[in-house]
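Listed below, chain by chain, are the residues.
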Amino acid sequence: MLQVKNLKKSFKSGDTIVAAVNGISIDVKDGEFASIVGRSGSGKSTLLSLLGALDKPTSGEIKVDGQDITSLHDRELIKYRCQRIGFVFQGYNLVPNLTAKENVMLPMEFGGVSKNERQKRAQKLLDQVGLKADKQKRKPAKLSGGEQQRVAIARALANNPKLILADEPTGNLDSQTGEMIFDLLHSLSKTEKTTIIVVTHDQAIAGKTDSVFKLKDGKLDKRNK
Amino acid sequence: MNAVTRGIRNAFRNIIRTSSIVIILGLSMGLALSMLIANKAVGDKIVAVKASVGNTVTISPAGFSNFSQVNNALTTSQLTKVNSLAHVTQLSENLTDRLTTIGSSQTSNPFGGGNSSSSNNQTSLSSPVTLNPDSGGGGGGRLFLSGGGGLPANFSPPISIIGTTAPNQINGTDITISSGKSINGSLDSNNSLISQDMASKNNLKVGSTFAAYGANLTVAGIFTTTNRGASNSVIISLPAEQRLSGQSGEVTSAIASIDSIDNLSSATSNIKTTLGSSADVVSSVDQANQAVQPLNSVKSISLYSLIGAIIAGGIIILLTMVMIVRERTREIGVLKAIGASNLRIAIQFMTEAVTLTLMGSAIGMALGAVAANPITRLLVTNSTSTGTPGVGGGGGPRVGGGGRGAFGFVRNNFSSIHAAVGWNIIIDGFIAAIVIALIGSGVVSLFISKVRPAEVLRSE
Ligand SMILES: Nc1ncnc2c1ncn2[C@@H]1O[C@H](COP(=O)(O)OP(=O)(O)O)[C@@H](O)[C@H]1O
Ligand SMILES: [Mg+2]
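Residue numbers (the working numbering), protein chains in the order written: chain X, 1 to 225; chain F, 1 to 460.
If we strip away everything but chain X, and leave its shape as in the complex, we get:
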């Protein structure tokens, strides 16, 4: 479902040009649960932002279901981010002034889902990720890190995306909670038949995924499995 060819992204910082992603080509199959590993600064987040159309590559090609997303116009990009992609961040990034449920409803509002439908689905998703009913009405500050990440996962699933991109989703959590979150993602990839690409430092986590892409200096070092 995902084909990346010779993807490059460089940043200018001062006089020097940093090639954050420097010619990466990967393939991910439909429903695959893949992980990206590599040292800090190896280009993992940059690659993810290109896949999620948060940024435009300097060159190269990203095909999702055969469509090249690098040539999309602004309005189509917004639609792509809204409908096809679900993002999970290391720092959860919930909107602080909204309750857990309202956070999950947000992408559906952007996608034009009716209010009634949004409420029903948000509740269902929060139940599914294991957030108890009384906590669904809480604002993020009143939830633990693990709970916030569950809400973030529910939010990522809101519009039934084809692809979930998670950037170190367990990075801020203790190992036990991290494992629970990872297992949640893992099981969702099976039940929802969603393709998931997760960036991680944790070798143990990476070991459980269908495929592992190891990056080094913006290049694909090796592919395991």
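If you're looking for bench data, these hints aren't it; they were derived computationally from the structure. Among the hints, erroneous ones may be present.
Unchecked claim - Taking lysine-lysine and the DSSO-like style, the derived pairs with C-alpha atoms no more than 27 Å apart in a straight line are:
| id | chain 1 | residue 1 | chain 2 | residue 2 |
| --- | --- | --- | --- | --- |
| 1 | F | 201 | X | 8 |
| 2 | X | 5 | X | 222 |
| 3 | X | 79 | X | 5 |
| 4 | X | 12 | F | 450 |
| 5 | X | 137 | X | 56 |
| 6 | X | 56 | F | 450 |
| 7 | F | 450 | X | 79 |
| 8 | X | 162 | X | 120 |
All of these numbers come straight from a predicted model, not from anything done at the bench.
Add chain F with the ligands to chain X, keeping to what the hints say.
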């Protein structure tokens, strides 16, 4: 939940900050509203004053002043030429003098100056004006005693006697005959008009007589008037005053009525040419312009303050929104990353700005409604007290010639300036507030569109 409700809710996200912004904004909006109201009130008054002065030309001897009333007077023969000029429909001529009460201590006249041309200018009348030197403005006007000290026990202020061809007014203010009848201003007779106050003070009725200039004058009519100073006046015909005071053919002031306002300026210059340098000729429009001069400065002060306050309000909301957007860059990035358009986010922030501004305006409206009148008064009093002669002071014993009437009229009207808070002003205010908020957040939309969603993935 949509962008608008989120915006409203975000306006209350930080209560302490929201309150401070709303209060500061409220103060600037309140100032703006007060200034708008003051500006409008003063503007209306200027129009009203100009519209009400009529089309008359005031003629007084060159260098005339209220404090040395008698100098080179005009003469009836000079004025006859004026009467025959084109567009002059009527000419009212006045000769004013002061009478002192027989037996009253006048050895040191506390008014200085003002001695009549006649050595014989005494009357049996006592002035109805009571003077209280301890409370400056009390009885009939502010008095300053030269050399200090109290007034003699039997002191009576001088009485104004006006010989006029138009005995239907004093100082430009119409009088109403409450009993008896009016007199013929061109006919030499000893008939007179006195004020109601004067009549009661001296126990006079229609038909009673009193002494003046050593002659006996008859009360032909008793009048009432809204002009405070006029109650201290006696009105007789011009020829009678000329005869009694021994100023044959002389006139201290005259008012020419012109047939239409369009001919006023041409008629004024014709009169000037006719009389040459011996007279000061001022049209009612010139007079009104001169009189509303301080109001004009109040009008521009309030306009500049209004603009200043609106700009200040705009800057406050703009800076607030810039601060809020910078603080929430990550949140904006997240919204973009999960599929929000720039427009949707901008609407959310605009709603927040409008909400803050509307709350500020509500406070501003309340402040403006309360403060508009005092501020207007303050502005008008401060600038008119240093304004043109004849605008400040005045009152009681200082009954000038007819020529100074228009100034008194205008001054009296200044105190009646009322700053009203109308619905249209409030609606204008709210619209201005929303425009300010939208401009403020319009700039902010630019910031919003510059936020890169990819930044959300960095430095977590
Ligand atoms: N917006 C940017 N401007 C400049 N340099 C950047 C930017 N984003 C990433 N980089 C650089 O690109 C490289 C890869 O960064 P990143 O993809 O965040 O690595 P990782 O997520 O693997 O730690 C780093 O050297 C980083 O400093
Ligand atoms: Mg990273």
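Going down the list of hints, with the structure as the test:
| no. | hint | result |
| --- | --- | --- |
| 1 | F:201 to X:8 | 108 Å, violated |
| 2 | X:5 to X:222 | 16 Å, holds |
| 3 | X:79 to X:5 | 23 Å, holds |
| 4 | X:12 to F:450 | 17 Å, holds |
| 5 | X:137 to X:56 | 37 Å, violated |
| 6 | X:56 to F:450 | 15 Å, holds |
| 7 | F:450 to X:79 | 19 Å, holds |
| 8 | X:162 to X:120 | 21 Å, holds |
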